[in-house]
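A.B. asks: Using the sequences and the hints, build the whole thing.
From first to last, the protein sequence lines stand for chains A and B.
Note that numbering that gives the first Met the number 0 has the first sequence beginning at 0, numbered continuously upward.
Note that numbering that gives the first Met the number 0 has the second sequence beginning at 0, numbered continuously upward.
The reader is advised that the hints may include incorrect statements.
Said to hold, decoys possible - Here are the simulated DSS-like cross-link-like pairs (lysine-lysine), alpha carbons at most 25 Å apart as the crow flies:
{"hint": "1", "chain 1": "B", "residue 1": "Lys62", "chain 2": "A", "residue 2": "Lys38"}
{"hint": "2", "chain 1": "A", "residue 1": "Lys38", "chain 2": "A", "residue 2": "Lys91"}
{"hint": "3", "chain 1": "B", "residue 1": "Lys127", "chain 2": "A", "residue 2": "Lys130"}
{"hint": "4", "chain 1": "B", "residue 1": "Lys127", "chain 2": "A", "residue 2": "Lys38"}
Derived by calculation from the structure, the hints in this document are not laboratory data.
Since we're looking at a predicted model, the values are computed, not measured.
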Amino acid sequence: MLNKLDDALSFHQNALRVRGQRQELIAANIANADTPNFKARDIDFKAAMQNAIAGANQNANTPNKTSAMHLDATSSSTPSFSGGLGEPLFRKIAQGSVDGNTVDMDVERNQFADNSIRYEASLTMINAQLKNMLAAIQGS
Amino acid sequence: MSLFNVFNISGSAMSAQSQRLNAVASNLANADSATSANGTPYKAKQVVFSATPSASPDASGVKVLKVIEDASPPKVVYEPKHPLANEKGFVTMPNVNVTEEMVNMISASRAYQNNVETMNAAKTMLLKTLTIGQQ
Chain A
0 MLNKLDDALS FHQNALRVRG QRQELIAANI ANADTPNFKA RDIDFKAAMQ
50 NAIAGANQNA NTPNKTSAMH LDATSSSTPS FSGGLGEPLF RKIAQGSVDG
100 NTVDMDVERN QFADNSIRYE ASLTMINAQL KNMLAAIQGS
Chain B
0 MSLFNVFNIS GSAMSAQSQR LNAVASNLAN ADSATSANGT PYKAKQVVFS
50 ATPSASPDAS GVKVLKVIED ASPPKVVYEP KHPLANEKGF VTMPNVNVTE
100 EMVNMISASR AYQNNVETMN AAKTMLLKTL TIGQQ
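C.D. replies: Here it is as structure tokens:
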């Protein structure tokens, strides 16, 4: 029962996690706009999201073992998953600068605003889902 | 949580940019200081930024690696009445390029503003996150 509730919210929970990480990366790019030889980085959102969902499923289906005598709940053939969101990639250079810095402030600010809007969209979705659940529980 | 780290990253950038602004202020203030405590004309100071690891391995903050003295040659002006003029009437003035410093100042203050906005955006996002599930 609780697992079902968790599943319903897990997509947007993962989305928020990946968005949060991306926000941090872009903040680092903006912060290092004047650092010589700094290369701007970003994550491939699609791949990171797939990783996050795969990791969440893996964790949900694997019960904790508190004793060495316990048997594996899942088949041992499933690959072990690190749970990481994927390695950040380097951004393509539109206009290079003499000091080797590849931060393009227009791109970064654009992506930063875009990412925060999408983060808030996920928040809104989670809130709406919670409201739906409450409506179902309370029945009024 | 990664959003909290945005505060550390933007904060490090803000302090680095304010140090840069500090260097600019010092340079502009001393643009005409023909002598200093050690008897030589003032030398322009420049900060060198460096990316520094933060709490997350992927995102890095900024720190001021070192403050260097500008290596460009000093300005030499002809002013025979100046007490520090040499026998030919030339005075060695600081190597501060005022135009460059003004550009530096604008760049530093814009970068500072950018980071303030980054921080504000992260703050709004975190506050919104805290309202999950509230009616």
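A.B. asks: Now look at each hint and say whether the structure bears it out.
C.D. replies: The hints, checked one at a time:
A threshold of 25 Å between alpha carbons decides the hint, and for B:Lys62 with A:Lys38 the separation of about 16 Å falls inside it, so the pair holds. This hinted pair checks out: A:Lys38 and A:Lys91 have alpha carbons roughly 10 Å apart, not beyond 25 Å. Taking the CA atoms of B:Lys127 and A:Lys130, the gap is near 16 Å; set against the 25 Å cutoff, the hint holds. A C-alpha spacing of about 31 Å is found between B:Lys127 and A:Lys38, which places the hinted pair above 25 Å, so the restraint is violated.
Violated hint: 4 only; the structure is consistent with all others.
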